[in-house]
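Keeping their order, the protein sequence lines are chains C and B. Each step along the first sequence adds one to the number in our numbering, with nothing skipped, and position 116 is 116. Each step along the second sequence adds one to the number in our numbering, with nothing skipped, and position 158 is 493.
Think of the hints as simulated: they come from the structure by calculation, not from any bench. Source: prediction; values computed, not measured. Among the hints, erroneous ones may be present.
[To be verified] Mimicking EDC-like on lysine to aspartate or glutamate, the simulated pairs with C-alpha atoms at most 20 angstroms apart in a straight line are:
#1 B:K348 - C:D102
#2 B:K585 - B:D522
#3 C:K105 - B:E341
[What the hints assert, rightly or not] Which chain B residues stay away from chain C? Per the calculated CB distances, all over 12 angstroms, these:
#4 D380
#5 A420
#6 A448
#7 E509
#8 E545
#9 E569
#10 L649
#11 S654
[Claimed, not checked] Selected chain B positions facing chain C (in silico; Cβ < 7 angstroms):
#12 V356
#13 G359
#14 F512
#15 A546
Quick reminder that beta carbons are idealized off the backbone N, C-alpha and C, glycines included.
For reference, the chains in residue letters:
2 protein chains.
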Amino acid sequence: MPEESEIISRLRKLARVTGEVLVGIGDDAAVISLPGGKDLIACCDLMVEGVHFRSEWAPPRLLGRKALTVNLSDVAAMGAIPKFAMISIAVPPGFRAEFIDDLYKGLFEMANASGVKIIGGDTSSSRDSLFIDVSVIGECESGRAVTRRGARPGDRIYVSGSLGASALGLSLLEDGFRLDGSNVVSDAIRAMSRHLAPEPRLQLGRALGEAGLATAMIDISDGLSTDLWHILDESGCGAIIHADAIPIAKSVRSFASDAQGIDALRLALDGGEEYELLFTVRPEDERRIAELLISSDVALTAVGEIVERGGLQLEREGSLEPVQPAGYEHRFGVK
Amino acid sequence: MPEESEIISRLRKLARVTGEVLVGIGDDAAVISLPGGKDLIACCDLMVEGVHFRSEWAPPRLLGRKALTVNLSDVAAMGAIPKFAMISIAVPPGFRAEFIDDLYKGLFEMANASGVKIIGGDTSSSRDSLFIDVSVIGECESGRAVTRRGARPGDRIYVSGSLGASALGLSLLEDGFRLDGSNVVSDAIRAMSRHLAPEPRLQLGRALGEAGLATAMIDISDGLSTDLWHILDESGCGAIIHADAIPIAKSVRSFASDAQGIDALRLALDGGEEYELLFTVRPEDERRIAELLISSDVALTAVGEIVERGGLQLEREGSLEPVQPAGYEHRFGVK
Numbered sequence: 001m002p003e004e005s006e007i008i009s010r011l012r013k014l015a016r017v018t019g020e021v022l023v024g025i026g027d028d029a030a031v032i033s034l035p036g037g038k039d040l041i042a043c044c045d046l047m048v049e050g051v052h053f054r055s056e057w058a059p060p061r062l063l064g065r066k067a068l069t070v071n072l073s074d075v076a077a078m079g080a081i082p083k084f085a086m087i088s089i090a091v092p093p094g095f096r097a098e099f100i101d102d103l104y105k106g107l108f109e110m111a112n113a114s115g116v117k118i119i120g121g122d123t124s125s126s127r128d129s130l131f132i133d134v135s136v137i138g139e140c141e142s143g144r145a146v147t148r149r150g151a152r153p154g155d156r157i158y159v160s161g162s163l164g165a166s167a168l169g170l171s172l173l174e175d176g177f178r179l180d181g182s183n184v185v186s187d188a189i190r191a192m193s194r195h196l197a198p199e200p201r202l203q204l205g206r207a208l209g210e211a212g213l214a215t216a217m218i219d220i221s222d223g224l225s226t227d228l229w230h231i232l233d234e235s236g237c238g239a240i241i242h243a244d245a246i247p248i249a250k251s252v253r254s255f256a257s258d259a260q261g262i263d264a265l266r267l268a269l270d271g272g273e274e275y276e277l278l279f280t281v282r283p284e285d286e287r288r289i290a291e292l293l294i295s296s297d298v299a300l301t302a303v304g305e306i307v308e309r310g311g312l313q314l315e316r317e318g319s320l321e322p323v324q325p326a327g328y329e330h331r332f333g334v335k
Numbered sequence: 336m337p338e339e340s341e342i343i344s345r346l347r348k349l350a351r352v353t354g355e356v357l358v359g360i361g362d363d364a365a366v367i368s369l370p371g372g373k374d375l376i377a378c379c380d381l382m383v384e385g386v387h388f389r390s391e392w393a394p395p396r397l398l399g400r401k402a403l404t405v406n407l408s409d410v411a412a413m414g415a416i417p418k419f420a421m422i423s424i425a426v427p428p429g430f431r432a433e434f435i436d437d438l439y440k441g442l443f444e445m446a447n448a449s450g451v452k453i454i455g456g457d458t459s460s461s462r463d464s465l466f467i468d469v470s471v472i473g474e475c476e477s478g479r480a481v482t483r484r485g486a487r488p489g490d491r492i493y494v495s496g497s498l499g500a501s502a503l504g505l506s507l508l509e510d511g512f513r514l515d516g517s518n519v520v521s522d523a524i525r526a527m528s529r530h531l532a533p534e535p536r537l538q539l540g541r542a543l544g545e546a547g548l549a550t551a552m553i554d555i556s557d558g559l560s561t562d563l564w565h566i567l568d569e570s571g572c573g574a575i576i577h578a579d580a581i582p583i584a585k586s587v588r589s590f591a592s593d594a595q596g597i598d599a600l601r602l603a604l605d606g607g608e609e610y611e612l613l614f615t616v617r618p619e620d621e622r623r624i625a626e627l628l629i630s631s632d633v634a635l636t637a638v639g640e641i642v643e644r645g646g647l648q649l650e651r652e653g654s655l656e657p658v659q660p661a662g663y664e665h666r667f668g669v670k
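With the hints as extra help, turn the sequences into a complete structure.
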């Protein structure tokens with residue numbers, strides 16, 4: 001199978017953006033111009049057993065929740081509001097009816113909590129793996145969608161929440177820890193919950209979009225380093241981020257201080273599936289971000305600046321080092 | 336795993352139709368009211384290796400084409416126009432780059448031929464089977480979407496094209512015949528092509544929708560008998576169809592006359608994946624159907640009438656026999 005990034009670059013060539021398609025393949029979601037002052041937002045995200053999750057460690061309710069969350073996060077990253085969802089699911093033999101019930105329960109819980117209506121879907125059997133594909137349709141005011149391409153030199157780089165816990169949670173799950181196991185401690189539960197039940201930053205994404213405050217935005221699904229690279233690639237500029245400024249999750253700091261071999265900064269830089277928002281802001285709008293923070297349900301941290309060129313560099317104790325995109329790439333395209 | 340029809344009835348209860356959702360789970364596609372005189376149509380359809388196709392007999396270009404076609408057919412069955420598509424695909428190890436390229440080639444060919452823009456998607460690896468999930472967004476004039484629920488006693492029942500060839504083609508493929516094999520005869524190629532490369536009835540569906548001519552409509556994916564049952568269930572009435580009137584495909588008639596054990600009528604009644612349109616028309620509109628036929632690219636045949644009750648009955652040589660829905664049900668929901 002060809003590299004996923006190769007497929008997407010070929011697809012982008014095939015599917016040129018024209019007419020009412022304002023943003024096509026290659027951003028968090030597509031944007032379509034509608035008559036009547038609104039733009040339509042559309043995205044889909046696939047979760048495949050053995051690739052994105054293992055059914056032995058992902059409780060079905062959380063799995064259903066997350067399958068929708070990753071799409072809601074994409075819509076949030078466009079500064080838009082999710083409205084409708086469709087769910088396609090293929091179920092291998094041996095899955096009990098309760099598993100499927102719980103999975104849908106999680107999906108509907110997240111849909112209800114975020115004001116999204118489930119309008120359709122498809123279900124099939126499958127030979128071996130469980131497969132969940134969710135499509136979400138959303139909307140925003142005409143011309144307000146935030147893409148990856150608007151960052152300009154001088155812009156400040158912000159990230160919501162804290163980072164690293166999802167990747168830590170994943171490695172704990174891989175090591176045999178379980179959410180309901182007796183072998184877990186509180187920081188481990190926090191990290192695993194972060195991986196299994198991320199929160200979409202809907203309120204923040206919408207507020208940034210409606211206020212026109214973000215010049216570029218993406219959700220952190222592949223990791224801060226890789227996702228910032230996506231913004232730099234699309235915007236045609238470079239960035240410097242400051243090691244000291246990166247908001248490392250408390251559970252990660254605590255694990256790193258106890259356990260050898262855990263590099264907290266590396267987890268925060270490269271860990272994927274955070275579903276925090278990464279966005280850039282014009283320097284003159286920094287005060288408005290501070291105001292937004294007051295009414296926001298999530299922390300916002302300035303982690304660096306957009307510069308003319310030089311790719312992505314990490315400033316640590318006064319010296320700069322290049323950062324390659326090291327987040328894992330199992331997903332691509334509109335994600 | 337619970338029965339698919341059970342899952343859908345539970346989902347329909349969870350996802351009640353309210354507000355701007357005019358049609359939710361359980362029709363060929365969902366219908367959403369938009370400001371500005373248009374309704375939005377949305378559907379998705381899953382194709383799973385080993386369930387819906389086998390990669391050893393489905394050329395990848397035709398597979399890509401069909402993955403989109405089955406969705407276009409759903410949009411046509413709503414009397415609407417498809418506009419945009421998203422493609423999610425999970426590819427197991429061992430699939431060559433050319434296979435994926437050809438699959439996308441088929442998808443884009445069908446998209447271009449039908450005026451549909453590919454706006455996004457997702458790609459993943461998978462452990463074992465190839466999965467393709469396509470979502471399509473379309474539109475129609477406000478209030479013009481044709482559902483399964485508008486059939487009334489006295490309405491005439493029509494079907495487009497001819498029936499039975501897809502099921503015959505599938506059984507030939509299962510018996511080892513191949514599209515490019517030397518062991519095939521012309522009728523076999525015709526039947527297998529019908530199964531592997533069905534045509535969406537876009538022009539007809541749109542014309543029926545825009546003219547307000549169909550009181551209920553569905554595409555034949557599960558088989559004439561099962562899909563007519565869907566209309567009867569949703570519309571709360573019965574139907575009589577006439578054995579002599581059912582348009583049996585030429586390849587099916589020809590095979591049935593040569594081969595023992597092939598029941599041509601049964602194939603036409605119960606064979607799925609035809610993607611012909613099945614619709615009902617008020618008796619006073621029959622003349623308008625005749626006019627439509629002149630400009631249509633496909634045959635239309637009156638096969639029966641909607642009656643008050645009595646389920647679905649087949650009239651054969653003057654006597655009536657009940658018909659159970661016997662089409663296969665591997666897909667459900669919005670399909």
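Verification of the supplied hints:
1. At roughly 15 angstroms between alpha-carbon atoms, B:K348 and C:D102 fall within 20 angstroms of each other, so this suggested pair holds.
2. Taking the CA atoms of B:K585 and B:D522, the gap is near 8 angstroms; set against the 20 angstroms cutoff, the hint holds.
3. At most 20 angstroms may separate the alpha-carbon atoms for a hinted pair to count; C:K105 and B:E341 meet this at roughly 15 angstroms.
4. For B:D380, the condition that its CB be more than 12 angstroms from all CB atoms of chain C is violated, with the nearest at approximately 5 angstroms.
5. Non-interface status of B:A420 relative to chain C is broken: a Cβ of that chain comes within 12 angstroms, the nearest being about 10 angstroms off.
6. The beta carbon of B:A448 sits about 14 angstroms from the closest Cβ of chain C, which is more than 12 angstroms, so the claim that it is off the interface holds.
7. Non-interface status of B:E509 relative to chain C is upheld: no Cβ of that chain comes within 12 angstroms, the nearest being about 16 angstroms off.
8. The beta carbon of B:E545 sits about 18 angstroms from the closest Cβ of chain C, which is more than 12 angstroms, so the claim that it is off the interface holds.
9. For B:E569, the condition that its CB be more than 12 angstroms from all CB atoms of chain C holds, with the nearest at approximately 15 angstroms.
10. The claim that B:L649 is not at the interface with chain C holds, since no C-beta of that chain comes within 12 angstroms of its own (minimum 30 angstroms).
11. Every Cβ of chain C is farther than 12 angstroms from the Cβ of B:S654; the closest lies at roughly 38 angstroms, confirming the non-interface assignment.
12. With a cut of 7 angstroms, the hint placing B:V356 at the interface with chain C holds, because the nearest CB-to-CB distance is about 6 angstroms.
13. Contact between B:G359 and chain C, as hinted, is supported at the beta carbon level, the nearest pair being about 5 angstroms apart and thus within 7 angstroms.
14. Annotation: B:F512 was flagged as interfacial toward chain C, and the flag is violated, the nearest CB pair being 23 angstroms apart, outside 7 angstroms.
15. The interface hint given for B:A546 is violated, since its Cβ lies 23 angstroms from the closest Cβ of chain C, which is over the 7 angstroms cut-off.
Going through the hint list in order, the structure does not satisfy hints 4, 5, 14 and 15.
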